[in-house]
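A.B. asks: Could you fit the two chains together into a complex? Lean on the hints.
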Amino acid sequence: MTEPMFLALTALVDRPRHGYGIVQEVDRLSGGTVQLKIGTLYGVLDRLAGDGLVELDREEAENGRLRRYYRLTDSGAGALRAEAERLAANARTATERLRARPVTP
Amino acid sequence: MTAPDPTPPAPSEPAPSGPSLLERRYRGALRLLPAGYRAEREEEMVAAFLELYGEAPDEANPRPAWAELASVAALAVRVRLSWTPRAAAWGGALRLLAVLGLGLQAMVTVGVLTGLPAEQAEAVGPAGSGVLLVLFVAGLSWLPAFAALLQGYVRAAKALALTGLAAELAWIATPAWLGTLAIGGTPTEAPTATSAETSTATSAGTSAATSAGTSTAIPTAASAGTPGVTSADAAGGALATEGPGGFLAAEDPAGVGVADGLAGVGGLDWHAVLTGHLPALLIMVVPVLALLLGQHRGAPTGMLGRQRGATVAGRGWWPVGAVVVAGVLPLVLGATVLREPGTPPWIAVWGDLPGYAALLVVVAAVPALWLRSADAMLAVALLGVTALLARGLSGLWAGQETAIAIQVITVTVLSVTLAAAGMRGLPAVPRENSGLARR
Numbered sequence: 001m002t003e004p005m006f007l008a009l010t011a012l013v014d015r016p017r018h019g020y021g022i023v024q025e026v027d028r029l030s031g032g033t034v035q036l037k038i039g040t041l042y043g044v045l046d047r048l049a050g051d052g053l054v055e056l057d058r059e060e061a062e063n064g065r066l067r068r069y070y071r072l073t074d075s076g077a078g079a080l081r082a083e084a085e086r087l088a089a090n091a092r093t094a095t096e097r098l099r100a101r102p103v104t105p
Numbered sequence: 001m002t003a004p005d006p007t008p009p010a011p012s013e014p015a016p017s018g019p020s021l022l023e024r025r026y027r028g029a030l031r032l033l034p035a036g037y038r039a040e041r042e043e044e045m046v047a048a049f050l051e052l053y054g055e056a057p058d059e060a061n062p063r064p065a066w067a068e069l070a071s072v073a074a075l076a077v078r079v080r081l082s083w084t085p086r087a088a089a090w091g092g093a094l095r096l097l098a099v100l101g102l103g104l105q106a107m108v109t110v111g112v113l114t115g116l117p118a119e120q121a122e123a124v125g126p127a128g129s130g131v132l133l134v135l136f137v138a139g140l141s142w143l144p145a146f147a148a149l150l151q152g153y154v155r156a157a158k159a160l161a162l163t164g165l166a167a168e169l170a171w172i173a174t175p176a177w178l179g180t181l182a183i184g185g186t187p188t189e190a191p192t193a194t195s196a197e198t199s200t201a202t203s204a205g206t207s208a209a210t211s212a213g214t215s216t217a218i219p220t221a222a223s224a225g226t227p228g229v230t231s232a233d234a235a236g237g238a239l240a241t242e243g244p245g246g247f248l249a250a251e252d253p254a255g256v257g258v259a260d261g262l263a264g265v266g267g268l269d270w271h272a273v274l275t276g277h278l279p280a281l282l283i284m285v286v287p288v289l290a291l292l293l294g295q296h297r298g299a300p301t302g303m304l305g306r307q308r309g310a311t312v313a314g315r316g317w318w319p320v321g322a323v324v325v326a327g328v329l330p331l332v333l334g335a336t337v338l339r340e341p342g343t344p345p346w347i348a349v350w351g352d353l354p355g356y357a358a359l360l361v362v363v364a365a366v367p368a369l370w371l372r373s374a375d376a377m378l379a380v381a382l383l384g385v386t387a388l389l390a391r392g393l394s395g396l397w398a399g400q401e402t403a404i405a406i407q408v409i410t411v412t413v414l415s416v417t418l419a420a421a422g423m424r425g426l427p428a429v430p431r432e433n434s435g436l437a438r439r
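Here the protein sequences line up with chains S and V, keeping their order.
Reminder that position 102 of the first sequence reads as 102 in this note's numbering, one-by-one numbering, no gaps.
Reminder that position 331 of the second sequence reads as 331 in this note's numbering, one-by-one numbering, no gaps.
Excised from the complex, chain V in its bound form (with noise of 0.2 Å):
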């Protein structure tokens, strides 16, 4: 054993009358941690941090410095999400559903970019907007978030999703500018398609790629690069709100109220946000936040967690499987009929980005039921439950009621069949948790 640390002791005397202002204001942020963790490390940390900062008078006021809190909880999502068997099988389920989200909004890229009108594409080429280009190209960097994900370039995926995610929020507000920066025209000059119309209108060749983020975006940029002319009819007629395929929100009492009191508010087309935007911004953000907290500094490596190069470990790539099947069945089932009129509601409710994530559930559960891995369970039904909300938001279609209705009750029974087995599936809550003192 070597000779202990010289450094002499910062001026902490113990204090007589209990423990100072600043000393408490710290405990209480440590209280961020869970009990099991604080019983190992609190009084090593309270040491430790009076030792850096020194005892400072009550009559003072101190308070801890902001980036020590930061790093404080900055530790209690790492530590939450890893410290118990459970924590860390929480951990691996908000893993999984980001590769399942990232995967998700891949596929669609893929249709857009497979299945792009020429009227669209020259409204983001070259003639048309560099800004709306610009968003564009942003909108599709879902593609490369996702391959970075699986090679394990973690913060290259972080990044590039937030890109995705700053982009479809850009999209949102372009109607209120685009008009100035786009076109030259005035905010209401430009078309307010809804989400539904645009997503007909922009069907690529997958029927995934229909009125999500990157999708959204490439209407609105058609609206913008023929001003005066819907986006239904820059993309062929009123197929969007005729067609059985297509949304009738717009048509739909039970889309209007909130979002009719909104209209023209800050030049946004409110009902397009809240039918067809915030759904879509839904399933975006949620796999983003999973990525965020799930692929923490201490996350565990592998294909899911964060050692570069390892893709093909173990069952790593069902989920990928899972995207890739629900990507490519509705083109199997010929549902690139999507966007004529006769498309059948049972096949058309899968169809957009909501219809999307619900298909994904249905394919993604067979793998995580077969599994009988807690996370890979909870993983999927957490994504059930986003397909869901979205599905609630994306309001009604009229006439597909009854297909609606079927995909909402699949889509529940799935969600609680699984969220029940992952629950009884995660490991039992330690009596007493081992710490780093015990290791």
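The shape of chain S in the complex, shown without the other chains (with noise of 0.2 Å):
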């Protein structure tokens, strides 16, 4: 799982989202180091929907725009749980090497 789909399937957990606030709430979560381009944004939607972690929440029309709302599906959040768990263990590997790491002076 790439880092845009691990921060797409993030953002939707709260709440479905329309794909600006995807991209929002994805430059939030990263701290801003992730700015998702548009092209991008639907790419990473397209695999996650074909993948069935993500799927149609509603439409609406704001200001004369459409904007689609999606949601994440248990399958998602299943999905989700894993990669972040398998990152987490990773995470905990590298910290405890570090700390084990002896200090150079």
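Simulated from the structure, these hints should not be mistaken for lab results.
Computed from a predicted model, the values in this text were never measured in an experiment.
Ideal Cβ positions, reconstructed from N, Cα and C, are used throughout, including at glycine.
Heads up, a few of these hints could be off.
To be verified - Just so you have them, the derived chain V footprint on chain S, three or more residues with Cβ under 8 Å: (1) 14-20; (2) 33-45; (3) 61-68.
Claimed, not checked - Some residues of chain V that are not near chain S, with every Cβ distance over 10 Å (derived): (4) Ala48; (5) Leu50; (6) Arg78; (7) Val79; (8) Tyr153; (9) Leu282; (10) Leu289; (11) Pro345; (12) Val366; (13) Trp370; (14) Val408; (15) Arg424.
C.D. replies: So, in structure tokens, the structure goes:
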């Protein structure tokens, strides 16, 4: 799972969001380090939807513009949880090794 | 259902007098996407784009950022290769072509490694030039690239294949500077062996190891290591220019003309570039492009997709088998005698890189036709077209015309047959694309 996919799934955990909402939330979650381009976002959404990890929630019109909201599926939540645990385990391993590293004067 | 996103809408009021310049330009960029995809996504993408960047007055001549345009272009490539079953079949064909093409280069590399003549090994070894050694090693990256692709490490495969390609390009330029970098001489002192000479001079353990990227590299290195001595001399005589198994491009009237006109320009042996390196480059570039395009982010999983460790998946082994059989077949047929003066023309013409590509087409055509799979047939047909173009660029060999004609006719018939059957086997174009919203 790529970082944009991971962050997009994370952005949908608390509520359904539309495209711009996902871009904003990913930017916030990553501390500004991941700024999704629109083409990238919809590539990510295509893949996540194709794998059944997200699905369409509803459509709304805002100022005459189409807003399509996406929500996390149960399968998506499971995949996100598994990926988060994997990353956490990797982070723990790295931290333990760094802790054991002799400090050079 | 949870609450809607509370994000306040961006200041994107609908323009009463039609879309703004920025919107029109972004919509123009979205035309890269297939019409079916646009029908599903365009309004949504435009809305998200305008919310992200806001409306800008036309007087400011606003344009979408390059990064946004690049993301749309990348999306277009991915979607076009997977959006419809028909497009997905073409994506599969490209992935298969990449496996076949990288496999071909890997077999060439094996041939080079198993048959490296002592003089050439010395030239790229410790006694040779460090620069040449680096380029030589880089040129061997096709082997790990193929292995990485088979194991599903697509990014590594792409990086390694591009390394091999870069090494080949560097080798082409080598004669221009190897005199000063490698052996301390002048560029004009460097022997200008044609690819024909060099490929024969380097003939490795397998006939495949001729005239190819890494193999053309080695004789150049040999030339560098023995300034003033032609590669043919270094490899043991004038075999390259006299033997029936050798190439006669240097003496072939069909091979002169443009190349001679360019002689000396930029310090390159343009004749060698046009008749030797260009066919080799073509046979390298096509599968690398197929790899880059076919293995996009949305590519399906599996041995020919992106799933790591899924090498034993179903029909995925047939292209690997074809590559190995095509590589071993010349050995079984005794084509190691390609270097010998008495090699019959009908064997010799399958011994250089275009010939090996043609041989791979013949071998791979059997399972492709047997499977009746559209992507398999199209992949082999594309390889056939590549082999024919490479053969056309490599020029004619004196005394080999009949054998080459037979080869060209064989590959042409197979390629046309496979292409026709493959096109017929493609899924029908759907009347209406099903988008994400209806999935």
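A.B. asks: Take the hints in turn and mark each one as holding or not.
C.D. replies: Hint check results:
no.	hint	in the structure
1	14-20	holds (count 7)
2	33-45	holds (count 8)
3	61-68	holds (count 7)
4	Ala48	4 Å, violated
5	Leu50	7 Å, violated
6	Arg78	6 Å, violated
7	Val79	7 Å, violated
8	Tyr153	15 Å, holds
9	Leu282	31 Å, holds
10	Leu289	20 Å, holds
11	Pro345	52 Å, holds
12	Val366	34 Å, holds
13	Trp370	31 Å, holds
14	Val408	42 Å, holds
15	Arg424	28 Å, holds
Checked against the numbered hints listed earlier, the structure breaks hints 4, 5, 6, 7; every other hint is satisfied.
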